[in-house]
Amino acid sequence: MGNLIDDLLAFSRVGRAEMQKTDVNLDQLVRETLGDFQAETKARKIVCKIHPLPPVRADRALLRMVLVNLISNAVKFTGACTEAKIEIGEAKAESRNLESRNKFLFSAFPISALPQEETVIFIRDNGAGFDPKYTGKLFGVFQRLHSQDEFEGTGIGLANVQRIIHRHGGRTWAEGVVDGGATFYFSIPKQPIKV
444 MGNLIDDLLA
454 FSRVGRAEMQ
464 KTDVNLDQLV
474 RETLGDFQAE
484 TKARKIVCKI
494 HPLPPVRADR
504 ALLRMVLVNL
514 ISNAVKFTGA
524 CTEAKIEIGE
534 AKAESRNLES
544 RNKFLFSAFP
554 ISALPQEETV
564 IFIRDNGAGF
574 DPKYTGKLFG
584 VFQRLHSQDE
594 FEGTGIGLAN
604 VQRIIHRHGG
614 RTWAEGVVDG
624 GATFYFSIPK
634 QPIKV
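If you count the sequence shown from 1, you need to add 443 to reach this note's numbering.
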């Protein structure tokens, strides 16, 4: 019950906190966030592939919360995998050919339809996945597609992700296959980076 209350308070704060946008080195932030999971995952075989990521203009603390939630889910939902695979990168129109050649990189999202005025980041895993017919429920508060017995959680993490990304003017979406992994996307509008 304590976790639920903490998560609800965090959800409330995310909506009210004043945003402090700065230039964020996304490569550094992703690696820092992954480092937070080393202790809990050291006994597991997890292959992390991080593609080069662009800098973005965002609230660093809030963006870190997005990454913590999405990476935490990837770690959690690959728990039954002999070898978990987590991949993080930027979705670009020109990556479509690469995706069709590499099964692990495959994405059903029409990458060529991505607007040029936003940066789109993906976090992909080879874990439990989800039934695509429930995609619309993923980002709702208290929405869970797996039972508490299978995977712990409060059902607030993805709602937090969506709220944070919407506050940045971006979008969130996901795709998955039952027992075939999931890919979560978020976008951040492109703004001039101060050099």
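Please keep in mind that the hints were generated in silico from the structure rather than gathered at the bench.
One thing to keep in mind: the hints can contain errors.
Unchecked claim - Across the chosen pairs, the derived CB separations fall in these ranges:
1) E533 / A504: 13 to 23 angstroms
2) A486 / E461: 24 to 34 angstroms
3) P632 / T525: 16 to 26 angstroms
4) V490 / V621: 13 to 23 angstroms
Since this is a predicted model, take the numbers as computed values, not measurements.
Think of the CB as a built atom: it goes at the ideal place given N, C-alpha and C, for glycine as much as any other residue.
Outcome of the hint check:
{"no.": "1", "hint": "E533 / A504: 13 to 23 angstroms", "verdict": "holds, 21 angstroms"}
{"no.": "2", "hint": "A486 / E461: 24 to 34 angstroms", "verdict": "violated, 40 angstroms"}
{"no.": "3", "hint": "P632 / T525: 16 to 26 angstroms", "verdict": "violated, 39 angstroms"}
{"no.": "4", "hint": "V490 / V621: 13 to 23 angstroms", "verdict": "holds, 22 angstroms"}
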